[in-house]
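K.L.:
Now for the letters of each chain:
Protein chains: 4
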Amino acid sequence: MKDAKLILKTHPTHQTVVQVGDRVAIGGSDIVVIGGPCAVESLAQMEQVAQVLAITAVAALRGGVYKPRTSPYSFQGMGVDGLRVLAAVRQQYGLPVVTEVMSVAQLEPVCAYADMLQIGSRNMQNFELLKALGQVPQPILLKRGLAATLEEFVMAAEYILAHGNPNVVLCERGIRSFDPYTRNVLDLGAVVALKQLTHLPVIVDPSHAAGKRELVPDLARAAIACGADGLIIECHPVPAESVSDARQALSLEDMVALTESLRAIAIAVGRSLPMPQAPAPLVLV
Amino acid sequence: MKDAKLILKTHPTHQTVVQVGDRVAIGGSDIVVIGGPCAVESLAQMEQVAQVLAITAVAALRGGVYKPRTSPYSFQGMGVDGLRVLAAVRQQYGLPVVTEVMSVAQLEPVCAYADMLQIGSRNMQNFELLKALGQVPQPILLKRGLAATLEEFVMAAEYILAHGNPNVVLCERGIRSFDPYTRNVLDLGAVVALKQLTHLPVIVDPSHAAGKRELVPDLARAAIACGADGLIIECHPVPAESVSDARQALSLEDMVALTESLRAIAIAVGRSLPMPQAPAPLVLV
Amino acid sequence: MKDAKLILKTHPTHQTVVQVGDRVAIGGSDIVVIGGPCAVESLAQMEQVAQVLAITAVAALRGGVYKPRTSPYSFQGMGVDGLRVLAAVRQQYGLPVVTEVMSVAQLEPVCAYADMLQIGSRNMQNFELLKALGQVPQPILLKRGLAATLEEFVMAAEYILAHGNPNVVLCERGIRSFDPYTRNVLDLGAVVALKQLTHLPVIVDPSHAAGKRELVPDLARAAIACGADGLIIECHPVPAESVSDARQALSLEDMVALTESLRAIAIAVGRSLPMPQAPAPLVLV
Amino acid sequence: MKDAKLILKTHPTHQTVVQVGDRVAIGGSDIVVIGGPCAVESLAQMEQVAQVLAITAVAALRGGVYKPRTSPYSFQGMGVDGLRVLAAVRQQYGLPVVTEVMSVAQLEPVCAYADMLQIGSRNMQNFELLKALGQVPQPILLKRGLAATLEEFVMAAEYILAHGNPNVVLCERGIRSFDPYTRNVLDLGAVVALKQLTHLPVIVDPSHAAGKRELVPDLARAAIACGADGLIIECHPVPAESVSDARQALSLEDMVALTESLRAIAIAVGRSLPMPQAPAPLVLV
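Residue numbers (this note's numbering), protein chains in the order written: chain A, 47 to 331; chain B, 47 to 331; chain C, 47 to 331; chain D, 47 to 331.
Keep in mind that a hint or two might mislead.
Copies of the same chain look alike in the list, so a pair counts if it works inside one copy or between any two.
In silico DSS-like links for lysine-lysine, alpha-carbon gap of 25 Å or less [to be verified]: (1) Lys177 with Lys51; (2) Lys258 with Lys177; (3) Lys55 with Lys258; (4) Lys51 with Lys258.
By construction, these hints were calculated from the structure, which means they are not laboratory data.
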């Protein structure tokens, strides 16, 4: 990490806390769980998700509207219509929303609606995008590239900080390897190392790492046990009908059960999980 | 796993418990921690280790006397003299001992002294050795190869079972990957998958995975959180003076602290850690 | 490659020939060698390079003006000034120029000057950029991502074709692996497979694969022997003084010798290498 | 390679030539092609192979009688009966034979029949076997492990030399990687590096690397173009009926055509291919 300046931990308790919306803080004592579908598919779908998650310990909602897809013929996301869906459920259920941005041109619409901007693995070294992220007010969720070294990963964060935005959360989401049994290999050693090297919060995405829903809960618990500040997990009202990554999405019931199971682990490592929330009051605008 | 027969879990609670010596059982509710140095270096060294670990929750002692070394000019292990050291400390401190065997020719001396035989990563597909292990009375600790798929790993265990020995414990110890920051990548997704696929106990070696002692405790806790049945961890009275793998060995104090920290995690996932033992009575022979 | 439509070879002799400038065609019987420095550093540097290469079998000039760098504090390229340097040497020496583009915003200036646009490994799945490349008149040199499967690679090309630009050349440049001895692993099996799967031309970058200049010539010859349509190789007037990737750049003398050594290999596999060119007449504008 | 002593090239023309039987030398100007099936299946099968190959430029015959198989339920090889088959065809057709040995116990029968002993990838770091190989009179064909670094590979050879046998040929056979399209990734950069680092001959196995027969000929030509001293290639009278690795075996016709195509490449890099042999006179014993 010889060129790193801004992301380095300068003393053992040096820790950035990144604020997402009004209520959520990543990097503090609370474990932050972000849940939601791979892709925003409709208002009805997102309402089903938000209705369930809003009264649990899940702190924020995820859902992609601009989707990086291997094939140009696959569903590319709902775009601005999807952003409006996210804004609607945020207002109704009081959960901040996280969504992916794939290009500088998408920054304007996404910044108008989202509480946190996700940069996907395939764009971790899209340096022109990283530079532009330095200028936005929202915090950034930066996912590790599929074959990025830790040095490349933290230096990508360094780009964002160096261009003006100090609010970056790192996300380990599995690296590419040789075994077809799992989609990727979740590298929790990287999480431990990142927590020691940098003051930025570090969360884990066990869904993309595993690629199989039955592996997700145990990996989620492991992530919290090794010091991660939070999780981002895919869930869907009807996983089998998910338009993308159906094999890895949890049902909403399993998502709730998993989240609650984290509490004991969090306590075991000196952290906490927020208590399930009372339903948010409806806000009329 | 199309060819697997004997290692497959046939129903959700199908679980083999492997007995090591009289007192230790791997695969039951107790988390089993195996600790000790990379290599047996002297009786004094092993006594220092055993004296400390015998009154903790550590259940068994490790120490290599036949060492697989990349270079023919590196220390190759104490051989039979080392086995005698292991036998002496076992008798004095009441801890069963685990040690590596690298060839069919070493089986006779090792079986005369050790409670459990470890097969290292480099021999995971040494098929002639696997066949011979089917005929020994001791349980086998089979480490995953550096680039072994899960199918190859469980089929290596299948060899041992098919040749007559049902007592095999699988050990995930990190796979080879691209990032020089850690020595290997600990693949806890494999642990979760193996616990679902097979009835054999699964333990984790975070020391060889990380290659850096400061990463070991968090990875050890993650391993227990995701369902591992135990851990094998390297520690040394003076880590910096270890003849091999010095960079990853814990001090004995750190080993004891780490072991005790596992209790809360074990409980959080419905397991237990044995209570620290009273000093074993000296047995005169 | 289940989703691929436009990039698939429909019959054994189906082969696209991509025109670069007036004189150069990639995918025909001639092997096309592209040479030049990692980064454009000055007019003097590029003139030194072009002067030597223009009278060899080297067909085109490379040089980066927008540089994707791991660290935000490393030299980021000369930008538009560098494009003017490329245009000047192209006019003077008659060699078409290839240069990297990292974002949609860079398309306008680069398209005003360059004969071919290179997309680097880190942007292979920058899908918004790929879509925009469908609309430019220049041919595209698409480099394989560091950990891209062949399916992901050809589907990235499919994006460009599906959005309107049929002139794509694929470039294998090494994939990430575990051995620190070489920078990456040159995957010539991928070259053979791509030549069988797709009608697009395929070239090889042995410089970034090897990361060490002493490995480059032998790998370049191997690439031609296995059916590659060309090569892109880094060279520099004074390799040790290169501002980036100094360790892998050939001297100009070695570059000329390597290029000439390809002739016998090309003939051995039924291809040809252009004869060294007479110095291009100066064109007054 | 800090610990290497015996395998290092001490001056640029330092090159060991390994004699296999009376007629074949690996590491000289002649390219040595070894051909034959994955497994010896019957005398009839081996006679079909030998009859065709004996009158080509193929220099030696391969065929496994002890087979390392992932599953204990797969065909494990003909054993000593297979060795007798190899001896019979050797005598009849005058081709030296290469076969794999998996354990110290197999050394005695194999040394009684074979001209060269192959150590497979899974046993590259079977150190007790390597030590024993130092004491046999036959030359050793040492295959690179599936995830072995170059340092580990040459140090495995160093074990054999250090224990008394100077006749070791290194064989690159593909390394494990992430793309399921090919079985492994052929690492020709390793071949180039090994030729520069060590005085031992280096050959290439494109069959196991590619795993698909249609990729083998181009990779074989690439291997010779980058400086390999020879090839070991799988072929079978009826590839689809091969008991193992059927997908990668060439037909005998394709094997002959491939071998002949190497001549022009060999000449292009200053090497030679033996002229097809006249049928060997029958030797009556």
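K.L.:
Taking each numbered hint in turn, which are not upheld by the structure, reported in ascending numerical order?
P.N.:
2
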